[in-house]
Each structure stands twice: as C-alpha cells, then as structure tokens.
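Those protein sequences? They're chains C and Z, same order as listed.
Start counting the first sequence at 1; every next residue gets the next number (the numbering used here).
Start counting the second sequence at 1001; every next residue gets the next number (the numbering used here).
Hints are computed from structural coordinates only; laboratory data are not their basis.
Worth double-checking, as some hints may not be accurate.
Claimed, not checked - Below, in silico cross-link-like pairs of lysine-lysine (DSS-like), each with a Cα-Cα straight-line distance of 25 Å or less:
| # | chain 1 | residue 1 | chain 2 | residue 2 |
| --- | --- | --- | --- | --- |
| 1 | C | K104 | C | K53 |
| 2 | Z | K1018 | Z | K1071 |
| 3 | Z | K1003 | C | K55 |
| 4 | Z | K1053 | Z | K1071 |
| 5 | Z | K1057 | Z | K1071 |
| 6 | Z | K1057 | C | K104 |
| 7 | Z | K1057 | Z | K1070 |
| 8 | C | K107 | C | K68 |
| 9 | C | K54 | Z | K1003 |
Quick caveat: nothing in here was measured; it's all calculated off a predicted structure.
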Amino acid sequence: KNEVEQSPQNLTAQEGEFITINCSYSVGISALHWLQQHPGGGIVSLFMLSSGKKKHGRLIATINIQEKHSSLHITASHPRDSAVYICAVFMNYGGSQGNLIFGKGTKLSVKP
Amino acid sequence: DVKVTQSSRYLVKRTGEKVFLECVQDMDHENMFWYRQDPGLGLRLIYFSYDVKMKEKGDIPEGYSVSREKKERFSLILESASTNQTSMYLCASSLEDPGANVLTFGAGSRLTVL
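One chain only, chain C, in its complex shape (with noise of 0.2 Å):
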C-alpha cells in the first residue's frame, strides 16, 4: 500500500498553461517536501510545508492537512520546468527521524 500517492504519473503541457501536480498521503506527517529532479538526477528541493502555502516565482505549494492534500501548481509554464517532481512526507510518529516516505513523481514534459 502507498503512502504517499501523486497524480498524475504523466503530464504533457504546452508552454504557457497552468499546472497541477497533486499529492496525497494516508497518515500524519509533520512536514510535506516537493522536490524537482532533471534529467541526469540531480534533486532539487522545492519547498517544504506543514501548513497552508508557499510561493517562489511561477511555483505554488500548498498544502490541507485535514485532507491530508498537497498540490504543486505551476503558472505559465516553460519547457525548462520539464522534469519529475516528486512529494515527499515526513511522517509524524516516533519512529526512525530519518525517514521521509517519498511519492513514485509526476513526470511533466512542457512543449514550446
């Protein structure tokens, strides 16, 4: 069973549009990560939230605890935001402090 699930798996966009990416999760978690990985691997991290939204340029991360809900939007998109973006939680029990439990990522390919 996944804990951490991301829709959609795949996503082809034209410069420009608007962009969902969305991440779901079955338990408490303290913090939500979104992280970026271009082709070649290296990660990227995006943002970190436990609550409410965060902004960084044309990227919006927000994230509904009661849902247990977290969305990454991206406003007019470009071809170089083509990579996989990845969620990642942290979970909130008392367990091993090192483990986040990461999403299988969204691969999005945006075309000029």
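Fit chain Z to the known structure of chain C by using the hints.
Leaving out everything else, chain Z in the frame of chain C:
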C-alpha cells in the same frame, strides 16, 4: 553555494567486488542520508546518520553498510556487489531532521553491476 558532492557519477563494477560510494557535504549538516532510486519504485532510504559515528538502518539496508567517521563525509559500502544493486544512488544532507529542514541532494551515482 552549499553543496553535497558524490565522488563518482558513473561506476561499472563486477559481481562480488567491494564498492565504495563517497559523499561529502560542506554545510556542517548533522543528518546525512543514502537513497537508491529505481524506476517505478521511487526513492528508498538505505541508511542515514544523525551524527558522527552514528547510523540507522533505513527501509532497505540489506547488502549495504555505511561509515561516518567525520561530520562532512558519509560513505556507502557494498561489501559484495550484486546485479540487483544496479541503481542510481543519491546522497542527501539536512541541518536537522527532514520534519524541520529541507534536504540538499548530491548529483547521484549511477552504479552498474555486471
């Protein structure tokens, strides 16, 4: 610019060889992590360390060991490489636990075991 540096981007090893993957961070972070990433499975935690000489098993520690003799360096060791350890290996670090801090990742090491 803060950095996590992994020693090798690409490695090809033979079954049974001992493999060392090195990771160095320059941010004075307490926590360091080793993940592997496989298609369709996402990132999975192998081991992590929250202090020098301290280590904890992650979800898939079998066939791996780690070493953290200095705060800035976290090594992943495959004592006897097997073909099912062919994967992308990613090192990361964070100032405190990932419930309070973002992770900084290295560029990854793609290991092929023949």
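Quick rundown of the hints versus the structure:
Among the hinted pairs, C/K104 with C/K53 is consistent with the structure: their alpha-carbon atoms are about 23 Å apart, no more than 25 Å. The straight-line distance between the Cα atoms of Z/K1018 and Z/K1071 is roughly 23 Å, inside the 25 Å bound, and the hint therefore holds. As the CA atoms of Z/K1003 and C/K55 are separated by approximately 24 Å, the hinted pair is consistent with the 25 Å bound. Taking the CA atoms of Z/K1053 and Z/K1071, the gap is about 9 Å. The hint holds against a cut of 25 Å.
Distance check on the hinted pair: Z/K1057 and Z/K1071 sit about 18 Å apart at the alpha-carbon level, within 25 Å; holds. A hinted pair counts as satisfied when its Cα atoms are at most 25 Å apart, and Z/K1057 with C/K104 qualifies at roughly 21 Å. A threshold of 25 Å between alpha carbons decides the hint, and for Z/K1057 with Z/K1070 the separation of about 19 Å falls inside it, so the pair holds. The straight-line distance between the Cα atoms of C/K107 and C/K68 is roughly 22 Å, inside the 25 Å bound, and the hint therefore holds.
Taking the CA atoms of C/K54 and Z/K1003, the gap is about 24 Å. The hint holds against a cut of 25 Å.
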